[in-house]
Amino acid sequence: MKRKFKQFTEKLIEGLLLISGSLTSITVLLIVIFLFKEGLGLFTTSPMENKNVIVVNKLNPVEHLTAGQIKKIFDQEITNWKDLGGKNDTILLFTINDLSNYFSEEEIGENFEYLPEKLNSIVDSIPNLLAVYTDKYLVKELKGKIVKVDKNNIPDFILGREWFPTAEPAVQLGVLPLILGTLLVSIFAILFALPIGIATSIYMAEVANERVRKILKPIIELLAGIPSVVYGFFGLIVIVPLIHDTFNLPVGETALAGSIVLAIMALPTIITVSEDAIRNTPRSMKEASLALGANRWQTIHRVVLPYSMSGITAAAILGIGRAIGETMAVLMVTGNAAVMPHSLLQPVRTIPATIAAELGEAPQGGVHYQALFALGCILFILTLLINIWVEYVSSKQKFKK
Amino acid sequence: MKKLIVFAVAICFSTVMSAQKIVIKGSDTVLPLSQKEAETYMKKNAGKSVTVVGGGSGVGISALLDNSTDIAMSSRKIKMDERMKLQDAGRAFKEVIIANDALSVIVNPTNKVGKLTREQLEGIFTGKIKNWKEVGGDDMQIIVYSRETSSGTYEFFKEHVMNRKNYASSVLNMPATGAIIQSVSQTKGAIGYVGLAYMNKEVKDIAVSYDKGKTYVNASVEAARNKTYPIVRPLYYYYPTSKEASVKTFIDYVLSPEGQEIVNKVGYISLK
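Top to bottom, those sequences are chains S and C. Using the working numbering, you'd call the opening residue of the first sequence number 1 and step up by one each time. Using the working numbering, you'd call the opening residue of the second sequence number 1001 and step up by one each time.
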């Protein structure tokens, strides 16, 4: 009886482990599918918000507009139809918000029942009009003409240089500045963190005595436990003014500030992983080196470091992964201007910061919302590549053994 | 038997509780005000519960659409397309203005420039004006700070000051009002905008003219109340007509002299 019960519990635990394992994998898979489903949806939609259409007078020769042109028209940088290949006439803009300038509430009807007809008449009567309204209010016998707008496409999305996700009526989705900003900040963070991190791990693994190590180790682990908002706040109050004064810049919120904060945040990862790698050097190899007459520094330089090189590389890549995904601290110190980065001493905007700052207000299912998910996809692909790289580097290490 | 009575009481109690529970969701600008109002309201009316949740004006209004809030708070007027969505869903709603908020334009205290016209502000925020010497200051690059695109303040400033033109892409977007003040106070060429309630001595506010430079007015509670200061926005509550009975007492409290006293205390401008 007792044995049977024991067998049963064992089977039960086995089953539970299996379930939790498969649940985790399924959850991760579902999240990835969800991310890409939402993100790729972007490329089947038009940059026009809320199913808006652009309607012009029938006699207007303009057939086709790009999202960039629409933004320029609404910013009043293009004010004449002839700049768009039309007649020499000023562009008169009309959106649904201008409705009250043309009609009274009674004319539209309490439930907007007369609105489509009114919109149709206004398009018909004003020759230089550019009207933007929802396709729901199009009537069957349209007296105007719908201007075609290109759909969002992948090359424009990745290579575009303008990020105006809330521009009305057509959004501008170019993420090149965001991708470059993310890479710039992360790569420089690693360049700052790597020398310090490796030096610390060599010191802890090879030089420091046991007592010092016992103090240092928990302190470094504590560094990993500080919330990233605190790092961000520290960066904003201390590092940003410091950069501002040191380089005599007009503005202190720069990529450099982000890199420094991220470097501090990536240190624990780099130190812990590379210290483990260094400690894994077989004692026999070190002793052989010492027995041949090499001193401690020669041993570290010629034996320990080459042996643990792939572990250190893995540490560096993991650090980059940590830096690329970091959100809050970067959001607070880099200034978040979506411009093409030319130097470290200039504000940049990163992908995670953009998602965090904008997702709260993006209408669900809209173009902006999908664009943020597409940004999430790009971030996912970046970190996936980094993880594959880590696997590759670590597997090389095993082979050597 | 005893258990049954306890059970019945529990059910009655929970239905009573749910009947008097109000959820308010929306703008982070209105959030501190609603929170304070809710606190004092609950202190005075035992047994009533008001829950206040932030997230942004758009979040509040879309919550109205999927029926997950009783009141939506908003720092901007409901947009035409949002109105149409509510219309389509068959949800009649009502609008109440509960307070006003003024936006101050702020610069670094060392900056010589003390007044700007609306046109100059538009030029600065759209990136047409890049140096302080173009508006009568020192030869110094202008660093523009703005709130994130998700903020109601961002939209309001775009609509009322920038004539609905887009911000320049070189504008620095800060995640919070506190961060704008911090950055403007430590950056010489900086300009930004914050709610009047957030103004402090570390930054200098700019007198603004909306009549092409004839009269300049500094932001203050009095100037905002008598409408001489132009950059003022109303703060709104939106609620479904079907829920009027349950939210009415709370909204009446907010509009009462006592509730409006709280408006002034939180740093916004009371209606009267």
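Quick caveat, the hints were computed from the structure, so don't treat them as lab data. Among the hints, a few may not be true.
Using 20 Å as the maximum straight-line C-alpha spacing, the simulated SDA-like pairs for lysine to any residue come out as follows [claimed, not checked]:
| hint | chain 1 | residue 1 | chain 2 | residue 2 |
| --- | --- | --- | --- | --- |
| 1 | S | Lys-136 | C | Met-1084 |
| 2 | S | Lys-72 | C | Met-1162 |
| 3 | C | Lys-1188 | S | Phe-247 |
| 4 | S | Lys-136 | C | Lys-1188 |
| 5 | S | Lys-118 | C | Met-1084 |
| 6 | C | Lys-1085 | S | His-342 |
| 7 | C | Lys-1128 | S | Ser-100 |
| 8 | C | Lys-1079 | S | Leu-359 |
| 9 | C | Lys-1079 | S | Leu-93 |
| 10 | S | Lys-51 | S | Phe-112 |
| 11 | S | Lys-136 | C | Lys-1165 |
| 12 | C | Lys-1130 | S | Leu-345 |
| 13 | S | Lys-51 | C | Met-1080 |
| 14 | C | Lys-1077 | S | Thr-246 |
| 15 | C | Lys-1165 | S | Thr-246 |
| 16 | C | Lys-1085 | S | Thr-79 |
| 17 | C | Lys-1165 | S | Thr-95 |
| 18 | C | Lys-1165 | S | Thr-79 |
| 19 | C | Lys-1094 | C | Thr-1249 |
| 20 | S | Lys-136 | C | Thr-1249 |
| 21 | C | Lys-1085 | S | Lys-72 |
| 22 | C | Lys-1085 | S | Glu-113 |
| 23 | C | Lys-1085 | S | Tyr-114 |
| 24 | C | Lys-1188 | S | Thr-246 |
| 25 | C | Lys-1077 | S | Phe-34 |
| 26 | C | Lys-1079 | S | Asp-135 |
| 27 | C | Lys-1130 | S | His-342 |
| 28 | C | Lys-1048 | C | Lys-1188 |
| 29 | S | Lys-136 | C | Met-1080 |
| 30 | S | Lys-118 | C | Met-1162 |
| 31 | C | Lys-1077 | S | Ser-100 |
Here are some chain C residues the structure puts well away from chain S; computed CB gaps all over 12 Å [said to hold, decoys possible]:
| hint | residue |
| --- | --- |
| 32 | Lys-1043 |
| 33 | Arg-1147 |
| 34 | Val-1217 |
| 35 | Ser-1220 |
| 36 | Pro-1257 |
Quick list of the computed label-pair ranges, beta carbon to beta carbon [unchecked claim]:
| hint | chain 1 | residue 1 | chain 2 | residue 2 | range |
| --- | --- | --- | --- | --- | --- |
| 37 | C | Lys-1094 | S | Asn-387 | 37 to 45 Å |
| 38 | S | Ile-237 | C | Glu-1222 | 28 to 36 Å |
| 39 | S | Asp-150 | C | Lys-1036 | 35 to 43 Å |
For each residue, glycine too, the CB sits at the ideal point set by N, CA and C.
Hint check results:
1. Lys-136(S) <-> Met-1084(C): Since the Cα atoms of Lys-136(S) and Met-1084(C) sit roughly 11 Å apart, the hinted pair holds (cutoff 20 Å).
2. Lys-72(S) <-> Met-1162(C): holds (15 Å)
3. Lys-1188(C) <-> Phe-247(S): holds (14 Å)
4. Lys-136(S) <-> Lys-1188(C): violated (50 Å)
5. Lys-118(S) <-> Met-1084(C): Distance of about 16 Å is within 20 Å: holds.
6. Lys-1085(C) <-> His-342(S): Violated - the C-alpha atoms of His-342(S) and Lys-1085(C) are around 43 Å apart, more than 20 Å.
7. Lys-1128(C) <-> Ser-100(S): Not satisfied, since the Cα-Cα distance of roughly 31 Å exceeds 20 Å.
8. Lys-1079(C) <-> Leu-359(S): Measuring from Cα to Cα gives roughly 19 Å; hence the hint holds.
9. Lys-1079(C) <-> Leu-93(S): Given that 20 Å is the threshold and the Cα spacing comes to 18 Å, the pair holds.
10. Lys-51(S) <-> Phe-112(S): holds (18 Å)
11. Lys-136(S) <-> Lys-1165(C): Distance ~26 Å between Lys-136(S) and Lys-1165(C) Cα, so the pair is violated.
12. Lys-1130(C) <-> Leu-345(S): holds (18 Å)
13. Lys-51(S) <-> Met-1080(C): holds (14 Å)
14. Lys-1077(C) <-> Thr-246(S): violated (45 Å)
15. Lys-1165(C) <-> Thr-246(S): This hinted pair is violated, its Cα atoms lying about 36 Å apart.
16. Lys-1085(C) <-> Thr-79(S): Status violated; Cα separation ~31 Å.
17. Lys-1165(C) <-> Thr-95(S): holds (14 Å)
18. Lys-1165(C) <-> Thr-79(S): Holds - the C-alpha atoms of Thr-79(S) and Lys-1165(C) are around 13 Å apart, at most 20 Å.
19. Lys-1094(C) <-> Thr-1249(C): holds (15 Å)
20. Lys-136(S) <-> Thr-1249(C): violated (38 Å)
21. Lys-1085(C) <-> Lys-72(S): violated (28 Å)
22. Lys-1085(C) <-> Glu-113(S): Within the cut-off at roughly 14 Å; holds.
23. Lys-1085(C) <-> Tyr-114(S): holds (17 Å)
24. Lys-1188(C) <-> Thr-246(S): holds (14 Å)
25. Lys-1077(C) <-> Phe-34(S): Distance of about 33 Å is beyond 20 Å: violated.
26. Lys-1079(C) <-> Asp-135(S): Distance ~17 Å between Lys-1079(C) and Asp-135(S) Cα, so the pair holds.
27. Lys-1130(C) <-> His-342(S): holds (18 Å)
28. Lys-1048(C) <-> Lys-1188(C): violated (50 Å)
29. Lys-136(S) <-> Met-1080(C): holds (14 Å)
30. Lys-118(S) <-> Met-1162(C): Answer violated: Lys-118(S) to Met-1162(C) is near 29 Å, above 20 Å.
31. Lys-1077(C) <-> Ser-100(S): holds (15 Å)
32. Lys-1043: Given a closest Cβ separation of 30 Å, the condition holds.
33. Arg-1147: Label violated. Min Cβ-Cβ 10 Å, cutoff 12 Å.
34. Val-1217: holds (27 Å)
35. Ser-1220: holds (29 Å)
36. Pro-1257: holds (33 Å)
37. Lys-1094(C) <-> Asn-387(S): 37 to 45 Å: violated (53 Å)
38. Ile-237(S) <-> Glu-1222(C): 28 to 36 Å: Distance hint for Ile-237(S), Glu-1222(C) holds at roughly 34 Å.
39. Asp-150(S) <-> Lys-1036(C): 35 to 43 Å: violated (49 Å)
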